[in-house]
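Just so you know, the protein sequences line up as chains A, B and C, in that order.
Numbers 44 to 375, taken from the numbering used here, label the letters of the first sequence in order.
Numbers 474 to 622, taken from the numbering used here, label the letters of the second sequence in order.
Numbers 271 to 390, taken from the numbering used here, label the letters of the third sequence in order.
Source of the hints: derived by calculation from the structure; they are not laboratory data.
It cannot be assumed that every hint is accurate.
Which residues of chain A face chain B? A few of them, derived with a C-beta cut under 8 Å, are [stated by the list, open to error]:
| id | residue |
| --- | --- |
| 1 | K184 |
| 2 | G194 |
| 3 | G234 |
| 4 | V235 |
| 5 | N240 |
| 6 | E278 |
| 7 | L282 |
The model shown is predicted, which means the values in this text are computed figures rather than measured ones.
Here a beta-carbon is modelled for each residue, glycine too, at the ideal position from N, C-alpha and C.
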Amino acid sequence: MRNEILHFNNVFIENTSCVGGKKESEGPLSAYFDMLEPDEYFGKDTWEKAESEMNTRAVNFLLSKAKLDYSDIDLSCGGDLLNQCVATSFVLKNCDLPYLGLYGACSTMAESLIIGAVFKSSNFAKRVLCFASSHFCSAEKQYRFPLEYGGQRTPTSQSTVTGCGAILLGDSEKCRVEVKEAVVGKIVDSGVTDVNNMGAAMAEAAVDTVIRYFGESNLSPDAFDIIATGDLGREGYELACELFKRKKFELFGKYTDCGMLIYDLEKQDVHAGGSGCGCSAVVTAGYFYDKLIRGEAKEILLIGTGALLNPNTVFQKQSIPAVAHLVRLSAR
Amino acid sequence: MTHKEYKKMTDDRAKRSPTLLNCIKAFVTGGLICVLGQALTVLYQELGASVELSKTLSTISLVVLAGLLTGIGVFDVIAKQAGAGTLVPITGFSNAVTAPAIENKTEGFINGVGAKMFVIAGPVIVYGTFASAVYGVMYYFLLRGGLAG
Amino acid sequence: MEFLDWVKVFAVGGAFCVIAQILIDKTKLTGAKILVSYVILGVILTAVGLYQPIVDFAMAGATVPLTGFGYLLATGVEEAVVERGLIGAITGGLEATAAGITAAVCFGFIWALLFKSKIK
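Model the full assembly from the supplied sequences, consistent with the hints where possible.
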């Protein structure tokens, strides 16, 4: 039988950083960002460059907070939503840093933490930089319509988060947060074809991963302070709740979703909530990490959720499969 | 759970667009744009243009205006409310041409502006032209057969 | 133009938009598909003689919506076929709609020169 849970040895978070945009500055988690840039171009002249600039700033913040240099880091791994992951790889152009590019759609932050933790745990790397990003404008341009195009969004659609979260894995005495366990997600196809309802496309994948974790772990969901999916949004969150209920799986009110935490769904024009790699990345690197180091939370489960599609598969009316990776973060 | 059951479960609970409100907004904006088109036609006629020329000038004016509003970033704000009210009039066509042209300027004037200009509105030209040509051929044979004209 | 004529323009133009809005909300048809359907519908309705009465009744209320674009294509092709025979089937449609298309292309280019994509 397969072991569902990966148990890591001595993988700790040395530091984190996160950078966001204007909409994120108007949301309830604005206090947890290192920087909130009101200029969506980040001082650049294209959306693609803007996203890379955002990521560069996040990485630089992380290094300066950790008082480290690129040469102190053994490996970097990360990804974004743009074709061929350019926003991430272009950041490291002149950085003299080994790099693994990842694509897990919006689950990328969790995926990069898992890859990073595997390298650290097996001592192939002492310090690993994990990061993920998305930018509302570059994502709209690639996946939907030009920004100036006049269209209406359905209530189940979500709004891509402009943000980059970066997490440095290592193990110094000072580290307060451990990356303890993980479950690698399976591809789950729920048959959903509506690109404006990604929450529905990803809910089953998230539920599957959570149940696989608790099926093998001897912990109860009650032992956790927060169990958060990455970006199901309100629609997917409510669907997931319904699916848990049907499976008679009790979550003791610990369940929430990063896509609902990052914005004020009533006041901000984001429909069902936030989405994108940046969503779970900034909520984890900012809000969750802060809760863990302050002792306000001791155990957090992050379930990064990714909808796997490209514009062509959508036009071909293929369904949208999803993946959900679980990472357990514990305060020590 | 089968895909069918899951689809039913998601469809049953998915929040719907407020159709009635959307329809009212679409009716008012769409109606007003047509009134503007008519007013411009009347205006050009007053200024001495022929009936045909006035209609053409009115169309051009709406296209130019919608493009300008797209450029200054006002069109999509209105369209978010108006929905089909700005989409269906010729203004929607103009917006669909202008928006990708502006957005893709970063890829240059050939591969960006030039190549992407009709990425949304292209099908309108393709199928409109095709339909008119098919109709033209049919009309020709109907005329020859003495069934039309 | 009397007041009632303006009401006709408003109501008919608005009604075309309402039908499209219902299609968008209920069937998840995208904007591009609606526009294509409207243009083809305009050509067909004109061909069977149903659209001319709407144009006579509502003027810009029938010519400004995209169905009016189809109407222009169809009437253009009819005239060209009468004047020039079969070649008119090829030239008539775009000739009649040239003003709208050329304005959209030329001004689309000019607006792209002048403006930059931005977020609201």
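Each hint tested on the structure:
Checking K184(A) against chain B: minimum C-beta separation of about 6 Å stays under 8 Å; hint holds. The beta carbon of G194(A) is positioned within 8 Å of a beta carbon in chain B (closest approach about 7 Å), and the interface hint is therefore held. Nearest Cβ of chain B to the Cβ of G234(A): about 3 Å, under the 8 Å cut. The hint holds. Using the Cβ-Cβ criterion of 8 Å, the hint placing V235(A) at the interface with chain B is satisfied: the shortest such distance is roughly 7 Å.
The criterion of a C-beta within 8 Å of any C-beta in chain B is met by N240(A), whose closest approach is roughly 6 Å, and the hint holds. A cut of 8 Å between beta carbons decides the hint on E278(A): the least distance to chain B is about 7 Å, and the hint holds. Using the Cβ-Cβ criterion of 8 Å, the hint placing L282(A) at the interface with chain B is satisfied: the shortest such distance is roughly 6 Å.
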